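**Q** Following the hints, position chain B against chain A.
Protein chains in written order, with my numbering: chain A, -13 to 76; chain B, 9 to 537.
Please note: incorrect hints may appear among the correct ones.
[Said to hold, decoys possible] To give an idea of the interface, some chain B residues facing chain A are shown, with a C-beta separation under 8 Å as derived from the structure:
#, residue
1, 94
2, 155
3, 241
4, 247
5, 248
6, 275
7, 419
8, 420
[Stated by the list, open to error] Non-contacting residues of chain A with respect to chain B, defined by C-beta distances greater than 10 Å in every case (computed):
#, residue
9, -12
10, 66
11, 68
Hints listed in this document are in silico derivations from the structure and should not be mistaken for laboratory results.
Nothing here was measured: the structure is a model prediction, and the numbers come from that model.
Don't be surprised by glycine CBs; every beta carbon is placed ideally from N, CA and C.
So you can see what is in the structure, the chains are spelled out below.
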Amino acid sequence: MTVAQRIRAFLATTPGRAAALAALGDDDSLIDRGLLDSLGTLELSAWLQEEFGITVDEIDLTADNFESISAISWYVERRVTAVEDPGRRP
Amino acid sequence: MTGVLPDLVAAAAREHPGRTAVVDGERVVPYALLHAEASRMARLLVEAGVRPGDRVALYLPKSTEAVVAIHGVLAAGAAYVPLDPLAPPARTAVLLRDSGARCVVVTEFTASTVPVVPPLDTVVVCDGAGRGTGPVRWLGRADLDRCEPVAPAPRIGPDDLAYVLYTSGSTGVPKGVALSHGNALAFVRWAARTCELAPDDRVGGQAPLHFDLSVFDVFATASAAAALVLIPPRVGVFPMSVASLVERAGVTVWYSVPSALVMLRERGDLARRDLSRLRLVAFAGEVFPVPRLRQLMALLPHARFLNFYGPTETNVCTWHEVPHPLPPTTTSIPIGRAITGVSVFAVTDDGHLAAPGETGELHVRGPTVMRGYWNDPDRTGAALVPAPDGGGTCYRTGDLVRHEGDGRYTFLGRRDDQVKIRGNRVEPGEVEVVLHDHPAVADCAVLAVPDADGDLHLVAAVAAPGVDAAELTRHCAERLPRAAVPERFDVLPELPRTPTGKTDRAALRDRAAVALGTPDEEAPGAHRR
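So here's chain A without its partners, still in its complex pose (with noise of 0.2 Å):
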């Protein structure tokens, strides 16, 4: 699975939610559907941290990061060439 099949995976497991996600396109705002609150934020990031390694900083919790599906992946992708690359940060 790729990263973005992974986060729209876990976001399905939040029950009610499966129906409007499947109607959701990778590029389209999670927030603007309702999909993601800021209680949700918080589940999505204690997730993203154990499932790919990453640390996520409350800092990193902006639209520009969690908007969509995409917006996420992009985001983990990043993260993970941090870890592996100490040096660098995204």
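**A** Chain B alone, transformed into the frame defined by chain A:
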């Protein structure tokens, strides 16, 4: 109290046309433009057949468009009915039908999910294209643009309906709280004075429009020709972004539920920000836990802190200025004393007015108290009762308070099961009604249980053979507002019973407390062990 709500923006546009009315991300809207746009909206609505007393639903997020629509509906002489665009469409359809709205204002984005149910015959897509003809007219931006930016002059007065706010009802049917122009203005004028709002103020508030805290943001701000700083959803979801907006936009007055403030303090890195312009923080909707309030106050040593209290039915009816610094002995924040023009009193179980030190149910009388529940004389009759002192009618809040003397009160709890989940009013009974609608549910009990931090979580214990939590969540999520969807389902073969055959709620609470990791001293049933 004289006057009507459309007077506010009209006066601000006349006296301060160039002052900022709304800040919405990069967009800055001066009062002259807000008034012109609201006037176009009002003209279009009147042209579409909207008349004084009609209800116009709003189905769009809190945005410049929504603020224009609110003022436009009121300028047309109609009442606005704000609906949550993120609520399940099935529930929205129930509210729309109940309101009897013939017209709804949407954006292009929300147009795809708006339920078009009778008697709806007109949809205004305020930022997009209309759509030909049919049984339902879809008017668009072009229709607005051809309307004159001159407000119509509907014949409305202070006693006319201004808005209907829907709230949870314990029987499963939501209640529409119907408030008049006079109801709103009695609160708005008091609030603007008490908060010393002035044209230089920038007011930030996170409450959505279907939540009554937004009445302060939208109208108290306009009454002072101050600027309303909107918090767009893509900012509001992220506490760090909200804190940054408060700093950058120079917000001077903040109003929200305590949970939003707690989240800002915990996750918004407030200590490192320049919040010197933030001079007043008001909160309402739930109890602010004192330790968390202390932490926030320490970060804002120069700000005033006000606790506002009042069910939607009464607007704000009491208030308390929190002493700063908070004395170390303070363990709870009083709801304080009545606002100007309102009287409040506690009635004991035997029907007497509570003396200082006694506990009773808070009753409210005065200009901020609602006209009634929309379309529901029975529930109105149960809520608006003759005042115990014989002076007119008053609203029974269902809130138990202690009379502290000197006209001050402290909130103790509810007479019924109603709870606040992150500031949202939730009736567990309504959730139970919805669960019973599921064909596999034989029995259920919905409880609010505190976690280790004292935050309440909605937990449903359900006897439903062969059904899992995901299915029950889906069922609830399609029918209830988000805060009313239980966070946890405890699916059991059958519910435990007390010796008298009732559902053993205490046992269910204990189970839920264990699951939530509630420490023993917080667990409601702990004393029994």
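**Q** Going through the earlier hints one by one, which of them does the structure break, listed in rising order?
**A** Hint check: 2, 7, 8 fail, others pass.
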